[in-house]
Amino acid sequence: MTQPLILAIESSCDETAAAVVRGGTDVLSNVVSSQIESHKRFGGVVPEVASRHHVERITYVIDDALTEADVTIDDIDAIAVTEGPGLVGALLVGVSAAKALAFAHDKPLLGVHHIAGHIYANRLVQELEFPLVCLIASGGHTELIYMPEDGVYEVIGETRDDAAGEAYDKVARTLKLPYPGGPRIDQLAQTGQDTFHFPRIWLEKDSYDFSFSGLKSSVINAVHNAEQRGEVIIPEDLAASFQASVVEVLVAKAIRAVKEKGGKQLLLAGGVAANKGLRHGLTEACEREGITLVIPPMHLCGDNAAMIGAAAIHPYRAKRQSTLAMNAEPGLDLK
Amino acid sequence: MKIVAIDTSTKQLSVALSDGTQIIAEASYVTSLNHATKLMPLLERLMQEANWSPKELTRIVIADGPGSYTGLRIGATTAKTLAYTLGIELVAVSTLELMAASTGRTGRVVAIQDARRGTGFVGMYEDGKRVGDEQHTTVADFVAALPADTLMTGDTEKFAEALAPFEIVAPAFRTPRAGVLALLGATRIPVDAHAFEPRYLRLAEAEAKWIEAQRHD
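Chains as they are written, first to last, in our numbering: chain A, 1096 to 1430; chain B, 917 to 1133.
Because the hints were derived from the structure by calculation, they are not lab data. Because the structure is a prediction, the values reported are computed rather than measured. Virtual Cβ for every residue (Gly too), placed ideally from N, Cα, C. Misleading hints may appear alongside valid ones.
[Stated by the list, open to error] Simulated pairs of lysine-lysine, DSS-like, Cα-Cα distance not exceeding 27 Å:
| hint | chain 1 | residue 1 | chain 2 | residue 2 |
| --- | --- | --- | --- | --- |
| 1 | B | 954 | B | 971 |
| 2 | A | 1202 | B | 1074 |
| 3 | A | 1202 | B | 971 |
| 4 | B | 971 | B | 918 |
| 5 | A | 1202 | A | 1430 |
| 6 | A | 1371 | A | 1354 |
| 7 | A | 1430 | A | 1354 |
| 8 | A | 1356 | A | 1265 |
| 9 | A | 1414 | A | 1135 |
| 10 | A | 1430 | A | 1359 |
| 11 | B | 927 | B | 954 |
| 12 | A | 1359 | A | 1371 |
| 13 | B | 1074 | A | 1414 |
| 14 | A | 1354 | A | 1300 |
| 15 | B | 1074 | A | 1265 |
| 16 | B | 1045 | B | 1074 |
| 17 | B | 954 | A | 1414 |
| 18 | B | 971 | A | 1271 |
| 19 | A | 1300 | A | 1356 |
| 20 | A | 1430 | A | 1414 |
| 21 | B | 954 | A | 1430 |
| 22 | A | 1202 | B | 1045 |
| 23 | B | 1045 | B | 927 |
| 24 | B | 1074 | B | 927 |
| 25 | B | 1045 | A | 1135 |
| 26 | A | 1430 | A | 1271 |
| 27 | A | 1359 | A | 1300 |
[Unchecked claim] Facing chain B, from chain A, some residues (calculated, C-beta under 7 Å):
| hint | residue |
| --- | --- |
| 28 | 1122 |
| 29 | 1187 |
| 30 | 1347 |
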């Protein structure tokens, strides 16, 4: 079977991205135009600003992806696009462009779930073995997903309030760190000590769900109390203490899920997969427990379109095509 | 020439095909609840019925705003991607000019889109030629100084009091039509598809506040 060539588009948040992927595994190009510099001044992603940037950049990014892959649109077998979840105005730009391409060249149109993309970013590095468990941690998501087989997803745990990345950004704001705060916290934590002993939020004994808002409040209270008492907070220690709590809970629940579900691999996915503390914690725990850990390389952790092209191989092979009536689905469930 | 014209800037969705001198086909949803799901199926249907294939197209004409931000982006992204990927011309025409032209009337026409809190996006046209800049402004102030023989079109109900002295175009001619858009754009100079952006005529709210804050610093 010849391997299909898929042109994939991703615009769910603040990266305008396009990629050409062969057979779901072979990345021929992976172009990401980040808007982070534009959103820094607002201290976070502003949806209307993000949507405007996507329109400005979308065809440049698509053209670059084709050029870098050294193919033309005629060589492409299908157009894949993130249909959700994400910011609706941002998603609509990618969806509109993908539909125009599919219509203009009479190519199959494939809608891809953003989180499925993050999961399949791992397949760009290593063959996946099922059943497996995937820990998703990003600015918008914290989930544990059980995959009994290729292309089948079962959400076994999710956050009940803030996503892990969201808690990172809020703590960073409390420490007056520049946006995006997550990587800065991680950096500070490398040289700090867990001196604050913030609570670990486990929820019910057998639950795979997460909660980070209580931890976030504890951190903010610690900072405010110190300010009122005129004490100096060591940012490195605060960051290390916060990170220790997040990582301990994420790692413990992920490891328990792998054991209870009989997973052959543990996958890490999402933007927080770039977090050194989490990578280190998971690596150590997996070595101890004899679990195979798969972590995407740094450049595939954040939002990109190669991961969408990787995940698109399922709807492509199953001939599960979307129609030209495809909409952006900001709250799309992973099925 | 095989021209496709698209307008998604207001609550109306309109698509047309034209050979540059005639309107071949035109279809509109006067109140489309979802441009994102309706635009491409409608375009596909018109083209199938006219027996046109995408590869034969020579030009895309898009109404580039002002209008609903989301609506503008759906149309703009679709139009620029089609033009880019088919290697054909992209022409942008003001939505306000399109509204004025869709009245079918000569003389002075003012097109108004409601932008809330008494403001609107307004543009004035005289025998099809733009007079002054299109702008986001207080509608009552804008029309106060105009001669009484000015024709009003667009979201006129929202400004009934301020527009009382003026003739309001009949409802049947008050909505922008892609057929009119196709003919307006048939002979205009194309823009660069890659660089094309809709004209929002207003900054994103966060951007406006940020600029304001810089001014105070």
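Results for each hint:
no.	hint	verdict
1	954(B) with 971(B)	holds, 21 Å
2	1202(A) with 1074(B)	violated, 44 Å
3	1202(A) with 971(B)	holds, 13 Å
4	971(B) with 918(B)	holds, 10 Å
5	1202(A) with 1430(A)	holds, 24 Å
6	1371(A) with 1354(A)	holds, 24 Å
7	1430(A) with 1354(A)	holds, 23 Å
8	1356(A) with 1265(A)	violated, 33 Å
9	1414(A) with 1135(A)	violated, 41 Å
10	1430(A) with 1359(A)	holds, 21 Å
11	927(B) with 954(B)	holds, 12 Å
12	1359(A) with 1371(A)	holds, 23 Å
13	1074(B) with 1414(A)	violated, 49 Å
14	1354(A) with 1300(A)	holds, 15 Å
15	1074(B) with 1265(A)	violated, 42 Å
16	1045(B) with 1074(B)	holds, 25 Å
17	954(B) with 1414(A)	holds, 23 Å
18	971(B) with 1271(A)	violated, 54 Å
19	1300(A) with 1356(A)	holds, 16 Å
20	1430(A) with 1414(A)	holds, 16 Å
21	954(B) with 1430(A)	holds, 25 Å
22	1202(A) with 1045(B)	violated, 42 Å
23	1045(B) with 927(B)	holds, 25 Å
24	1074(B) with 927(B)	holds, 15 Å
25	1045(B) with 1135(A)	violated, 42 Å
26	1430(A) with 1271(A)	violated, 39 Å
27	1359(A) with 1300(A)	holds, 24 Å
28	1122	violated, 22 Å
29	1187	holds, 6 Å
30	1347	violated, 39 Å
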